[in-house]
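Residue numbers (this note's numbering), protein chains in the order written: chain S, 1 to 328; chain D, 1 to 328; chain C, 1 to 195; chain Z, 1 to 195.
There could be a bad hint or two in this list.
Taking lysine to aspartate or glutamate pairs in the DMTMM-like style, the calculated list, with each CA pair at most 25 Å apart, reads [said to hold, decoys possible]:
1. Z:K89 / D:D120
2. C:K62 / S:E116
3. Z:K62 / D:E116
4. S:K2 / D:D231
5. D:K2 / S:D207
6. S:K2 / D:D207
7. D:K167 / D:D121
8. C:K89 / S:E116
9. Z:K89 / D:E116
10. Z:K62 / D:D121
11. S:K2 / D:E116
12. C:K89 / S:D120
13. Z:K89 / D:D231
Calculated from the structure, these hints are not laboratory results.
Just so you know, these numbers come straight off a predicted model, no measurement behind them.
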Amino acid sequence: MKKLINTPGTLLTDALTGFAAAHPALDVDVRRRIVTRAPTPGRVSLVSGGGSGHEPLHAGFVGPGMLHAACPGEVFTSPVPGQIHAATTAVSGGAGVLHVVKNYTGDVLNFALAAELADDDGIEIATVIVDDDVAVEDSTHTAGRRGTGATVLVEKIAGAAAENGEKLAVVAEIATEVNARSRSYGVALRAGTVPAVGTPGFTLAEDEMEWGIGIHGEPGRRRGPIAPARDIAAGALDAIAADMPLEGEVLVLVNGMGGTPLMELYVMFAEVTAWLEARGVRVARSLVGDYVTSLDMTGCSITVMRLTGTLRDLWDAPVETPALRWGR
Amino acid sequence: MKKLINTPGTLLTDALTGFAAAHPALDVDVRRRIVTRAPTPGRVSLVSGGGSGHEPLHAGFVGPGMLHAACPGEVFTSPVPGQIHAATTAVSGGAGVLHVVKNYTGDVLNFALAAELADDDGIEIATVIVDDDVAVEDSTHTAGRRGTGATVLVEKIAGAAAENGEKLAVVAEIATEVNARSRSYGVALRAGTVPAVGTPGFTLAEDEMEWGIGIHGEPGRRRGPIAPARDIAAGALDAIAADMPLEGEVLVLVNGMGGTPLMELYVMFAEVTAWLEARGVRVARSLVGDYVTSLDMTGCSITVMRLTGTLRDLWDAPVETPALRWGR
Amino acid sequence: MMDAARTRAWLTAAARLINANSGHLTALDTAIGDGDHGLNLRRGFEAVTAEATGDTPGAVLKAAGNALIDATGGASGPLYGTFFRRAAKALGDAPEVDDAVFAQALAAGLAGVQTLGGAAEGDKTMVDALAPAVTAFAAGGDAAAAAANGRDATESMTARKGRASYLGERSIGHIDPGAASAALLFQALCSVTTD
Amino acid sequence: MMDAARTRAWLTAAARLINANSGHLTALDTAIGDGDHGLNLRRGFEAVTAEATGDTPGAVLKAAGNALIDATGGASGPLYGTFFRRAAKALGDAPEVDDAVFAQALAAGLAGVQTLGGAAEGDKTMVDALAPAVTAFAAGGDAAAAAANGRDATESMTARKGRASYLGERSIGHIDPGAASAALLFQALCSVTTD
Ligand SMILES: Nc1ncnc2c1ncn2[C@@H]1O[C@H](COP(=O)(O)OP(=O)(O)O)[C@@H](O)[C@H]1O
Ligand SMILES: Nc1ncnc2c1ncn2[C@@H]1O[C@H](COP(=O)(O)OP(=O)(O)O)[C@@H](O)[C@H]1O
Ligand SMILES: [Mg+2]
Ligand SMILES: [Mg+2]
Ligand SMILES: [Mg+2]
Ligand SMILES: [Mg+2]
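Throw the hints in and build the complete structure from the sequences for me.
Now the structure itself:
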């Protein structure tokens, strides 16, 4: 295993220490593992979290216009209820807190327990479960679709709604709408390695790739010969379009899995755009880069969200976080 | 070789096509391979360029507050004079153009020929050669120190000076000062693979790392057993401090080489900060992420710049490019 | 008969077994999950060892459940935490309970896991080891063997809950990590009750 | 005697050799450079083949130099481009030149490379093949063999120019890619002059 770390056991603490030093505008409690910013009294706050290893998700999205708090768990392990509750309490502004939760059993259960704790303290909680991954085909016989790239879109857009002063129910509704209008599909060329394990989650031959991967090093739906960017884009978009008819204006996220160079992501984005525009779908907004990663996995995921005018305006609203920044 | 590409021969065109689609605010001439934005009449413009494979460098730094044009060459190959000249002509605002050139023979020669062409056209050119890499120890018996991480700092800070309306000589002087106050050192855990070649630039055993690497897949100064993040930071900073006494306030860039997850870069940044602060050096500004990459190389480089008040203000000035964005 | 000391002995034996088999549990989870089950439970049971004290079996199990929920994370933390907390609730504050009462408490724990996680037997989860073990314990049979059989039976199952469910039929041929850890819990329980 | 046709024959022979040996040149550059020399020169000489036309040796070489500068990139593009442009300048617009004049033109080309790149013999660059070849050509000797010897001599040298210089002593034991391509140029030249 080759990694720029001290020891697997100190990885999360070390990374949070670095994150704190790099982003002095945020409050980082390294011991309790929560990253927060001051809430605005009377406004809804957003808390998200999940296992580490997906950086910049979630701590990189804390800041004006997006999240108020993030609680990173151990690598690929959901945070614990007490930690989530501490984050929730720290950023509660009195108008309720939205929990943005990716649909993994561990995340769902731990956030549910944290919501109970918040309820005990009289903090109103709404929860949005993100489950955009169409690679999980049969969601009635599984834990349900995984939450992947759409998480960034939910956090950005719901964050903008909260910034606009919307009530908790409205912010939650918008978050739910973003998730409902988004679909993702991912591929890997090489699996990531959990530092404490030391070997890759799965092994591919030099001429193989994995289709339909998640973001936790789990293998995907099927293995195949390595394909050109054009075919990968088509395969992913076919799966997405089979699940949600694509039309009108869309937002596209081409997301790197952590070990993929930006140049290749632009190649993928060119192919995704060409595929969509050839079918009369307009790519009105886009994001290309590493946003929801899986340690050092090589590969990418493609997320498509069908836009509305309101969602586009909320997307365009100013945001100022370590990993996402625009507007003035 | 595992890459998200169509063919090595179309890589650059495909990536530029994707870049153009993702960043509609910039003008991208895919055929001529130049990325430009409109110059401000009467103001100095900045042009940079070099081989591809270092993304987001340079095209990702075109935008208000930074570069006016970038001209990417083939992978690891400098652009050609005609291309550089086309970029220079496109963004000339009448007050002269600064060429920001990394110190590689190919880049230096091709930019020099382009400067002659500009001279023929009556465009005043100043050139700053960036050569911050202390891993090249003996610069009298080599092509001189390589230009690496400091390129981002030069482009950002000189870009801010140009935006402020400074004259060409002043912008060039500031660019030179940034370079003079900056030092870098890089390490690799795994070499990158030039797509048209198909095999890594060098091969390391599973327990080896390379010290003192450049950004073109060339091996470094020495090979050693893989080391903890703390020792890597100390090794790099020792080399930097031996060359330029570190004191006062510094800006630190911990830069990923393309295949390194952000989480590990934060670990490195924590160690770099701890090393510096233990020696009374204050990390006043920082940047952690992929800025000057080397295809899919795994590893990082560390750049330290000694700040002055003026340089810090220019660093803080607004910038709005695909890869660097802040201020309002 | 279970008292506070024996309950605690169960948990420390379990912690030792989890610790000794942590690499194996993680390897199982690497095959069909995300490669952290052994790491999670080792962390969780370290907290159990440190915090699960009390004067009654119920108090010990409640502290254990809270420690697991606080320290484990993942799916297994809340599930095992709930198992112990529900069992604790069923035991109330009796200083000593006989095996029949303890068996009922284990059944209550299992019910809690199933309510929270929604898994039935055959879904290839910890439930497939817990359920037969709880039944065997109630019947005075070999709960450890029942749990181990339940664990082994998961190998041929298709996962329908948890991360392994994403693999669909590709999960066949692998033992479920949670079923394997559940078998360790009952191995530990039998090591302190059969003497 | 060199006229426009034979000059062009030289360049197309060179382009064929470069193309055939492109992988080898790239492999040499992977060892001590950045792995693109063969790719660069193949691209450059494709442009030469397409564009290097003219009525005189000087016109052909000037067009070749311009094509190399326009299409190659890297260090080798401007250096080889300058080699041909300076040689062209020395030839002027004579429709035919004898070998002595052509030898002077090659020497002017070499001088141009050394002025631009600042490399001396022994620095482990293309100059180590070009210089002995130019000398041999002037003396009526075997320029191709001289270039090949010069190329082989770079193996034991420490690089002091170009990317290979970053390796310091680690560059020893590898042939310089530019010296190898220079040897191909003189191999091509001899194939059209010795008949
Ligand atoms: N819904 C569920 N009901 C019961 N057990 C479950 C459920 N989901 C997961 N599990 C159990 O949890 C185990 C995985 O635990 P662990 O690896 O610690 O958590 P995570 O899956 O969050 O990484 C699985 O092997 C399975 O036995
Ligand atoms: N300063 C120089 N003078 C002469 N030749 C040089 C010089 N620098 C580099 N070269 C030659 O150029 C060759 C490398 O060319 P190439 O790989 O195409 O360019 P780059 O180094 O920019 O990738 C070297 O092998 C060497 O022979
Ligand atoms: Mg997990
Ligand atoms: Mg090159
Ligand atoms: Mg797991
Ligand atoms: Mg080269």
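We went through each hint and held it up to the structure:
Distance hint between K89 of chain Z and D120 of chain D is fulfilled; the C-alpha atoms sit about 19 Å from each other, no more than 25 Å. Distance check on the hinted pair: K62 of chain C and E116 of chain S sit about 17 Å apart at the alpha-carbon level, within 25 Å; holds. With a CA separation close to 17 Å, the supplied pair K62 of chain Z and E116 of chain D stays within the 25 Å bound. Restraint check: the Cα-Cα separation between K2 of chain S and D231 of chain D comes to about 15 Å, which is no more than 25 Å; the hinted pair holds.
Among the hinted pairs, K2 of chain D with D207 of chain S is consistent with the structure: their alpha-carbon atoms are about 7 Å apart, no more than 25 Å. This hinted pair checks out: K2 of chain S and D207 of chain D have alpha carbons roughly 8 Å apart, not beyond 25 Å. About 19 Å separates the Cα atoms of K167 of chain D and D121 of chain D, which keeps this hinted pair within 25 Å; it holds. For the proposed pair K89 of chain C and E116 of chain S, the alpha carbon gap of about 18 Å is at most 25 Å, so the pair holds.
For the hint pairing K89 of chain Z with E116 of chain D, the CA-to-CA distance comes to about 18 Å; that is within 25 Å, so the pair holds. Annotation: proposed proximity of K62 of chain Z to D121 of chain D holds, straight-line Cα distance about 21 Å (limit 25 Å). Between K2 of chain S and E116 of chain D the CA atoms are separated by roughly 46 Å; this puts the pair beyond 25 Å, and the hint is violated. Between the alpha carbons of K89 of chain C and D120 of chain S the distance comes to roughly 19 Å, so the proposed pair stays at or under 25 Å and holds.
Distance check on the hinted pair: K89 of chain Z and D231 of chain D sit about 56 Å apart at the alpha-carbon level, beyond 25 Å; violated.
Of the numbered hints given earlier, the model fails hints 11 and 13; all others are met.
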